[in-house]
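**Student:** Sequence:
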Amino acid sequence: MSPGGRRAITLVLGHAVLIQAITFAMRPTLSYAVLATGGEAALLGVVSAAFAVPALILALPVGHATDRIGERTSMVIGGGCLVVAALLAAFARGSLVALFAATVLLGIGHLFSVVGEQSIMASSTGRGSFDSRFGLYTFAGSLGQTLGPLLLALPGGTAATPPLDLIFFACAVIAAVILVVSVMVRSSERLAGGARPGMLATARGLLRTRGLPRALLASSIVLASVDLFIAYLPALGHERAMAAAVVSAMLVARSMFSMFSRLFLGRMVRLLGRKVLMVWTIAASAVALGALALPLPVAWLLVLSAVYGFAIGTCQPITMSWISELAPPGTRGLAMSLRLASNRLGQTALPAALGVFASATGAAGVLVASAVVLVGAAWSSAAVGNSEGVSGAAE
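In the numbering used here, the protein residues as written are 1 to 395.
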């Protein structure tokens, strides 16, 4: 890789750490602020939706715009939205409307930023290197997700509430750094100008690309299964009278082993090939998730959580690299936004659909149902033919 390419990748990886850190710091802090302002707990669902809705409504326009205006402009817009969101939350946190607006801006800023990041990663990476690069990218994102919540431990709060103003101002500083890094980023080369198809025509063309719909389906199911694991593991612990420390250890094991697997993704792809690795890791995650429903000793539950985390951790970067390779040049921003939109749809639809099992079978039934859906994702992955990246990775 040229020095310019290494610089671009380094900037994007640093940007990814900061984006996820500010997101995972501000979202819980905004929830605390809503409660501190007198909002009811039911409003937290509305605030959560305010963050997710932009990715559903604006994902395709943002991806299409990124392909036209360049990743740097997209990331600068995202950084600007984050600065405004943090300052609005800091100076007007006594208003529920302002906190809601700050959450919407956070969601928009996050969307512009990650579409720009992923488009650069796809456009700046050569064939045969997609998997290792996206493995590093998702590792950087996971690192940011781990560091962000640490801001809630800053001094100055009460026993029940963290120091809201201090955290929001710290997030404003982080957002300013993100904006500076965004300006330093260099957009990938645009396709030659001229008549271009519209957004919907481009999206239809992408969805007709062999294998891409299946990649989107697998990606959305995998991410939704992680949400279900996080949401229903505490319920499983409550039903079986497990100590909170055990549930916490299982969640940490899942997270840490997901991060660990991404460091070695390139090597695993070179050893097994992308298709084989993806099918078997999704299948392994399904087995591990389903086995958690069994009445097993704590030690085995921890092992299964680690296996699930390691296996599921490889799936997201593989789908990113897969989609990057399937998407024609000049459409990768839109392809990544399609992935984001399908992920959000899966994160909304699957928990709602599988949640019906909770009343009849408890949390264990939801985990088993999620495992069955993961088997479908493994089948979806197997239906896609070998891509150039698999052979390239083996060279």
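Rather than coming from a laboratory, the hints here were simulated on the basis of the structure. A hint or two may mislead.
[Claimed, not checked] Each pair of labels, with its calculated beta carbon distance range:
1. L200 x G355: 48 to 54 Å
2. V97 x T10: 35 to 41 Å
3. T10 x L294: 40 to 46 Å
[As the list claims (entries may be wrong)] Straight-line C-alpha distance at most 25 Å; calculated SDA-like pairs for lysine to any residue:
4. K275 x G362
5. K275 x V307
6. K275 x L294
7. K275 x L263
8. K275 x L207
9. K275 x G355
10. K275 x M184
11. K275 x V180
12. K275 x R186
13. K275 x V373
14. K275 x W379
15. K275 x G38
16. K275 x S129
17. K275 x V375
18. K275 x T361
19. K275 x G211
20. K275 x V298
21. K275 x A176
22. K275 x A306
23. K275 x A353
24. K275 x P328
25. K275 x P329
26. K275 x F260
27. K275 x L164
28. K275 x A352
29. K275 x V247
30. K275 x A382
31. K275 x G290
32. K275 x F264
33. K275 x S255
34. K275 x V356
35. K275 x A364
Computed from a predicted structure; not experimentally measured. Every residue gets a Cβ at the ideal spot worked out from N, C-alpha and C, and that includes glycine.
**Student:** Mind listing which of the numbered hints don't hold for this structure, in increasing order?
**Tutor:** 1, 4, 6, 9, 10, 11, 12, 15, 18, 20, 21, 23, 27, 28, 29, 34, 35
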